[in-house]
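Trainee: Sequence:
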Amino acid sequence: MIIIIIIIIIIVIIVALVVVVVVVVVAVVVVVVVVVVVVVVVDVVRDTEDCTIAHQCGFDMEVIQSIQCNASQVWSKIASACVWEWDPDRDDCNGKPLTSVIADPRCLKRSGNNPHPDDCSKFLSCANGTMVAEQRCSDGTLYWPKNESCEFAEAVAYECGERRIPVSIPIYEEDPLCKMNGQVPDPLSCQHFIQCLHGKRVQRIQCPRGTVFSDASRKCEWYEEVNCGNRAL
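The numbering of the sequence shown is the working numbering, which starts it at -1 and goes up by one.
Quick caveat, the hints were computed from the structure, so don't treat them as lab data.
There may be inaccurate statements among the hints.
Stated by the list, open to error - Once the Cα atoms are required to be at most 30 Å apart in a straight line, the calculated DSSO-like pairs of lysine-lysine come out as:
1. K107 x K120
2. K177 x K144
3. K144 x K198
Could you put the whole structure together from the sequences, leaning on the hints where they help?
Mentor: Structure follows, in structure tokens:
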């Protein structure tokens, strides 16, 4: 019995030693591979003809791997990476000036938001004179250049000029009764009131049965508690 136990212990020790040796060998191989890669790739140079391509080169300047930048990007020697054509780190193309990016005439403000020339519910985001995104305002709002933001359509629709307003956005008429935002009494009916917003009539609303609109509280009250004056019931 003792002999069997001793044999098992010896086997376990041998297996453990084998595992340790394997781990050490793998670690050494990984280190060697990393060192070789680092040593082999000694420089990254831009292509002599195409500024959108860079090459990883070895000691003998043989090309190990080529890098292709994405559209509208060039390889920058300053950043050692692909950069956008309008990026500050963009440099000349091996002594030859790069073709200038043509400025978008819609980007009156070179960097920031600009109104869409045809649609009042949209705006253009520009960077260095290039349009990078066309965006739409949320429902019920239009783009207002003064604030460079989307505002309630009722408040800014008058400044859209010839820019189209989507038919899904209701535009209300100005009403002399609407001198303030909120509810105002209907001069023709005590049972109705006018909902106003930015000097415009949004809708005419009838009070619930048995109530009339109070000019004092600006809400519908029981008939007995309201003085309608000249307003018809």
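Trainee: Against each hint, give a clear statement of whether it holds in the structure.
Mentor: Structure-based check of each hint:
Distance hint between K107 and K120 is fulfilled; the C-alpha atoms sit about 15 Å from each other, no more than 30 Å. Distance check on the hinted pair: K177 and K144 sit about 23 Å apart at the alpha-carbon level, within 30 Å; holds. Between the alpha carbons of K144 and K198 the distance comes to roughly 21 Å, so the proposed pair stays at or under 30 Å and holds.
In this structure, every one of the numbered hints holds.
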